[in-house]
Amino acid sequence: MMTNTICRVEYNDYINKNIKKMGISGIEHKREVLPGQFLHIKPGSDYHGLLLRRPISISDVLPSTGIMEIIYLIKGPGTAELSRLKPGDGVDVLGPLGNGLVLDDNVKNLLLIGGGMGVAPLLYAARYYKHLSLNGIFGWRDTGSLIPLGAAKDFMDRVYICTQDGSTGHRGLVTDIFCERVEDIRPDMVFACGPVAMLKEVQRLCTRFGLDSRFSMEERMGCGVGSCMTCACKIERDGNWQYERVCCDGPVFNGQRVVFD
Amino acid sequence: MDINTTVDIAGVTFKNPVIAASGTFGYGREHVDYMDLNKIGGISVSGLTLEPRNGNPPPRIVETPSGIINSVGLQNPGVEYFINHQLPWLKEYDTRIIVNIAGNTVEEYCQIADRFNGTDVDMLELNISCPNVKQGGIAFGTQPVMVEEITSAVKRYTQYPLVVKLSPNVGDIVAIARAAQAGGADALSLINTITAMAVDIENKRPMLENVIGGLSGPAIKPIALRMVWQVCNSVDIPVIGMGGIMNGRDAVEFMMVGARAVAVGTANLIHPDACVRVLKGVEQYMTTAGVKDIRDIIGIIKT
Ligand SMILES: Cc1cc2nc3c(=O)[nH]c(=O)nc-3n(C[C@H](O)[C@H](O)[C@H](O)COP(=O)(O)OP(=O)(O)OC[C@H]3O[C@@H](n4cnc5c(N)ncnc54)[C@H](O)[C@@H]3O)c2cc1C
Ligand SMILES: Cc1cc2nc3c(=O)[nH]c(=O)nc-3n(C[C@H](O)[C@H](O)[C@H](O)COP(=O)(O)O)c2cc1C
Ligand code: FES
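Each protein sequence line maps, in turn, to chains A and B.
Per the working numbering, residue 1 is the first one in the first sequence, and the count goes up by one each step.
Per the working numbering, residue 1001 is the first one in the second sequence, and the count goes up by one each step.
None of these hints come from the bench; they were simulated from the model.
Computed from a prediction, not measured in an experiment: that's the story for all the values here.
Ideal Cβ positions, reconstructed from N, Cα and C, are used throughout, including at glycine.
Among the hints, erroneous ones may be present.
Restraint-style ranges between C-beta atoms, simulated for each label pair [to be verified]:
(1) ASP13/A <-> MET1197/B: 35 to 45 Å
(2) ASP105/A <-> GLY1136/B: 52 to 62 Å
(3) HIS1085/B <-> ALA80/A: 37 to 47 Å
(4) GLY239/A <-> ILE1083/B: 25 to 35 Å
(5) HIS131/A <-> ASP1114/B: 52 to 62 Å
Using the sequences and the hints, build the whole thing.
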């Protein structure tokens, strides 16, 4: 039986203005952690303050220590609470949860496309799939919102970086670079995570280029384990659509099946 | 100290008074990795409708001070799927199965009730917070006349004890409770969620795509306690109390105002094993307070 264990914060440091990286030890898991899986973290105590857990993607699992890393934007009260945790503090973690990215053996060339905080889970995808031909296209609004790639950079053959204001890397959008580079990268699978507008465009381009894709989706969550039905995402099945659960049917879905309204 | 936690509701024996509330515990399966389903008194399964339902567009949940508002909109695979794919699995466990049903016409409720005859469940729970399409969409549970009508209609169709789940979004909860009793309800459960809304001022939008949802969690506990108290003092049938129960102490409060059993809802969204935690808390309270039989505290608060 799994329990949501009280785990230990090893470090919790700023990596950009409003973005922190936390290392957590003591998270029990029976199966190998897959890219796209997330931790459901309880901010504060049970009765006073916040109630719901916050879902945050696993951005790395350190091979030597088993420490799991998350990279999070301090957005509202929940993530602000997390940002106050210090090394040695306990933290109530449920997970790893969700269906991560599983690739067939015939996928040899993986392209990671990430926008904003959506880059976080792709960093672990880079480590996990480092044995493949691996390329990455990552974009942010500006230098102040970017996520340093850290170790993940060394796992990829080529990395393209862009910002909308041009303050770091190319000026423009990840989808501009995707269009420009798709011919020389020739991926046989795209794994993308980011804002809806970006995913929508990646989906359109994947259809145009005839590429298979997986998207890691986000939706507001309750339980994280599949019982409350709050985390609905529109998915196409047999010509119709249905609401599936991001927390346990996803967060990783076949990108071509995600229905954007 | 040996303690007795069994309670009886309309002839059905529960090994303890802790029940998982409808809509917050799925069909049980989602929680087996985290707790032993055999431990809890019962499970009220997620609301079922005659046909599968997609539910409302997301976002469907938002946190507010000490509570959450949800607008799931009864997404469920339909009665037939439940009976064929979820129920056989659930029946392997030694816990009471309460089937929570919803509809938009009296006929729909009756059809669902009829479909469950012979399926070996323990109780039927009528969610009457749904809009009655034949009455301009006002919720069944808001008018005593409609409550009595739907209760007596469903009662004629079911072989099981009938629990009517009251909506708190009414002027006079006692009148509604009495109407359900008059219609033949074997027990009552309350409260369902309180209609509510939250606003996102940055984007100048409602927080929920459906605009309105139902508030649950600790924020509603004082209201729920008041309603359970009032209802317990005005009907003769047993009451299952719920609304914001997060731990054993909360559960004991509901029992002291008269609830014979309690249901745990929102807490399941935070800890998948919340029901077991609540039960442990109740047992701990009994041991510390020297309560040998849980029935001794039911309705102990008198005026
Ligand atoms: C599968 C998944 C993976 C995620 N991975 C990351 C990550 O790696 N890094 C990161 O910074 N953020 C990530 N998010 C978003 C993160 O969960 C929200 O930013 C966070 O919950 C906001 O909480 P808050 O209290 O600080 O802000 P508020 O906006 O005040 O949050 C209020 C409520 O909304 C929920 N919420 C708000 N925004 C989101 C959102 N986008 N998705 C889901 N729930 C939300 C919160 O859980 C909370 O219940 C992820 C979300 C999902 C669903
Ligand atoms: C996400 C969610 C879904 C729910 N779905 C149902 C449902 O299908 N049928 C029902 O009768 N009540 C439903 N409820 C109401 C709960 O069963 C319970 O009455 C209410 O939440 C109050 O208890 P709580 O504060 O412990 O959550 C739902 C509540 C939540 C939070
Ligand atoms: S968050 Fe509860 S079902 Fe996904």
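Do the hints match the structure? See the list:
no.: 1; hint: ASP13/A <-> MET1197/B: 35 to 45 Å; result: 39 Å, holds
no.: 2; hint: ASP105/A <-> GLY1136/B: 52 to 62 Å; result: 59 Å, holds
no.: 3; hint: HIS1085/B <-> ALA80/A: 37 to 47 Å; result: 42 Å, holds
no.: 4; hint: GLY239/A <-> ILE1083/B: 25 to 35 Å; result: 27 Å, holds
no.: 5; hint: HIS131/A <-> ASP1114/B: 52 to 62 Å; result: 58 Å, holds
The structure agrees with every numbered hint stated previously.
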